[in-house]
Amino acid sequence: MNTLQKKPMSRDAMLTLGAAVIGLVLLFVFDSTFDRFTMQIFKLCAINIILALSLNLINGFTGLFSLGHAGFMAVGAYTCALLAMTPDQKATNFVLQPIAPWLLDLHLPFLPALLVSGLIAGFIGWFLGVVALRLRDDYLAIATLGFSEIIRVVLTNTQSITNGSLGLKGIPRYTTMWWAWGSAVVITLFLVLLIKSSYGRAFKSIRDNEIAAESMGVDVFGMKVLSFTISSFLAGIAGGLLAHYLTTIDPKQFIFLKTFDILLIVVLGGVGSITGSIVAAIVVTISMEALRFLDGPLNLGFMVTNGVPGLRMVFFSALLMVVVIFRQQGLMGTSEFSWDSLSRIGLLPKRGPKSGKGGE
Amino acid sequence: MLSIKNLSVHYGGIHALRGISLDVPAGKIVTLVGANGAGKSTTLNSIMGLVKAGGGSVCWNGEEILGSPTKAIVESGIVLVPEGRRIFPNLTVDENLSLGAYARTNKDEVEADRERVFGLFPRLKERHKQKAGTFSGGEQQMLAVGRALMSKPKVLMMDEPSLGLAPLFVGMIFDIIRQINAAGVTVLLVEQNAKAALEVADTGYVMETGTIIFSGNGKDLLVDDRVRKAYLGEA
Numbered sequence: 001m002n003t004l005q006k007k008p009m010s011r012d013a014m015l016t017l018g019a020a021v022i023g024l025v026l027l028f029v030f031d032s033t034f035d036r037f038t039m040q041i042f043k044l045c046a047i048n049i050i051l052a053l054s055l056n057l058i059n060g061f062t063g064l065f066s067l068g069h070a071g072f073m074a075v076g077a078y079t080c081a082l083l084a085m086t087p088d089q090k091a092t093n094f095v096l097q098p099i100a101p102w103l104l105d106l107h108l109p110f111l112p113a114l115l116v117s118g119l120i121a122g123f124i125g126w127f128l129g130v131v132a133l134r135l136r137d138d139y140l141a142i143a144t145l146g147f148s149e150i151i152r153v154v155l156t157n158t159q160s161i162t163n164g165s166l167g168l169k170g171i172p173r174y175t176t177m178w179w180a181w182g183s184a185v186v187i188t189l190f191l192v193l194l195i196k197s198s199y200g201r202a203f204k205s206i207r208d209n210e211i212a213a214e215s216m217g218v219d220v221f222g223m224k225v226l227s228f229t230i231s232s233f234l235a236g237i238a239g240g241l242l243a244h245y246l247t248t249i250d251p252k253q254f255i256f257l258k259t260f261d262i263l264l265i266v267v268l269g270g271v272g273s274i275t276g277s278i279v280a281a282i283v284v285t286i287s288m289e290a291l292r293f294l295d296g297p298l299n300l301g302f303m304v305t306n307g308v309p310g311l312r313m314v315f316f317s318a319l320l321m322v323v324v325i326f327r328q329q330g331l332m333g334t335s336e337f338s339w340d341s342l343s344r345i346g347l348l349p350k351r352g353p354k355s356g357k358g359g360e
Numbered sequence: 001m002l003s004i005k006n007l008s009v010h011y012g013g014i015h016a017l018r019g020i021s022l023d024v025p026a027g028k029i030v031t032l033v034g035a036n037g038a039g040k041s042t043t044l045n046s047i048m049g050l051v052k053a054g055g056g057s058v059c060w061n062g063e064e065i066l067g068s069p070t071k072a073i074v075e076s077g078i079v080l081v082p083e084g085r086r087i088f089p090n091l092t093v094d095e096n097l098s099l100g101a102y103a104r105t106n107k108d109e110v111e112a113d114r115e116r117v118f119g120l121f122p123r124l125k126e127r128h129k130q131k132a133g134t135f136s137g138g139e140q141q142m143l144a145v146g147r148a149l150m151s152k153p154k155v156l157m158m159d160e161p162s163l164g165l166a167p168l169f170v171g172m173i174f175d176i177i178r179q180i181n182a183a184g185v186t187v188l189l190v191e192q193n194a195k196a197a198l199e200v201a202d203t204g205y206v207m208e209t210g211t212i213i214f215s216g217n218g219k220d221l222l223v224d225d226r227v228r229k230a231y232l233g234e235a
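Protein sequences, first through last, are from chains A and B.
In terms of this note's numbering, the first sequence opens at residue 1 and continues consecutively.
In terms of this note's numbering, the second sequence opens at residue 1 and continues consecutively.
Honestly, the hints are just simulated from the structure, not real lab data.
There could be a bad hint or two in this list.
Okay, the calculated beta carbon distance ranges per label pair [as the list claims (entries may be wrong)]:
(1) A/PHE326 x B/ARG116: 42 to 48 Å
(2) A/PHE315 x B/ALA166: 48 to 54 Å
(3) A/PHE326 x B/ALA166: 32 to 38 Å
Note that beta-carbon positions come from the ideal geometry of N, C-alpha and C, so glycine has one too.
Given the sequences, and given the hints that come with them, work out the whole structure.
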């Protein structure tokens, strides 16, 4: 993706603009032609893009192996749902124990609720970051994994705030295609700019060599916390979108396996590539549905199976193993999409002598 | 002028620096030589604020910088080329150089310095969009030096720049050190290759187990019997 360049529009800027227009038209077409089921999957693609990108920011670009994403999603999902539901909707949910009175009347429109859920998830991420980012590698992974489980246990046991293990039902279906894809596009652009800024360079320098980064004057700890906070913020936003997409949430959805689903996307796409995460998020989300036949009865010619629920996940496990053995860098490695790369593989005509450096 | 007084550093119970003092006059090349574990790298790292010092003082143009954050020290004009070519392998040459200028804000000056570094190392210019991890050891060391120069240093500290390099590159690195110094940058050089280091240095300090055992003019130390015996491997 390219930012606009100086003076007459460059080839890249025109191509980017063209792609944006085509993308917008496609969204309109999809919105009017897709049936409801296809639309749901299409929306889920966008939510998974946000999740994969936010996890890639810490794991891929900053090089911190964090496994706490499900927890931040849960915080975002619950915050957004509780803020955007009307007092009536909330009251009907809380049957075991009435909802805390201060929460009952707290009601916000969808956008502010979504932003608040991001902010709260971000704040919790910041807090966890300040504490846990003193750890490295596996220890950090264990600490974040544990923290995400703590969040889930807290959600299960705060009956008067979260309705405990009963979860929340009848959440308004606010996550339209425009909300889902709009958020995904805005967040992608934000991350592209962030990665290209000096902050992004600092993140990548920490990933590549912490000691060298430190001796260049990079505030290593501060930058790690910043990256972690931004990532949690985005996970919170995605969680909020997810809540209003699924319309029911309960703590069990946010067990640590959810983190591994996202990690799968990040690893398949390429740890440290925005393009890779986006492509892998779409492919994995669609495959999850397309491969659903694997769970049902299968006629293998010589025998007929009775249907093994979860067999399609075996496919992804196998795929992950193949990738880890044969293509460790994933689909894209740390490279990004660029118009130049298209002309390099012959899909676009080569351009004339280029002006020194500029858009990548 | 960078003046270090009575600097001491502990790693747990180990006394890595036992109160060393040395002066690095402006515009000179000063070298610290000594065997493994003598405390040479620790000296550089504690000047940069990467290692917490136990006591003493580091005075830079009359100001105490010991205890300042690394970024402030880089901004004040001291930079370290860390040991073992710690470049950023997944980043391009351009990005590596930009990180060298991390503490700077004036973009035009940074771009001018980028051109200056490319002038010094034409190899880097040819491959400015390539990932640094694909470079040979010598090229990586040049990038590490170029990256340090991007911070516009007044004092360039180099930790074992010749370590693990082919002899041809060792010669080139010492030529570059002379060139950088001729352009007015003070150099504090840590080397195990004592002979090469003392040949370029104005002043040499010889370290052993956390103390400076003696110092003197670079050329004089080269012929000093104690140095020859201990570090140059001559009988």
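Outcome of the hint check:
1. Between A/PHE326 and B/ARG116 the beta carbons are some 44 Å apart, a value that agrees with the proposed interval 42 to 48 Å.
2. A hinted range of 48 to 54 Å for the beta carbons of A/PHE315 and B/ALA166 is consistent with their spacing of about 49 Å.
3. Our hint of 32 to 38 Å for A/PHE326 and B/ALA166 holds, since their Cβ atoms are close to 34 Å apart.
Violation of the numbered hints given earlier is absent; every hint is satisfied by the structure.
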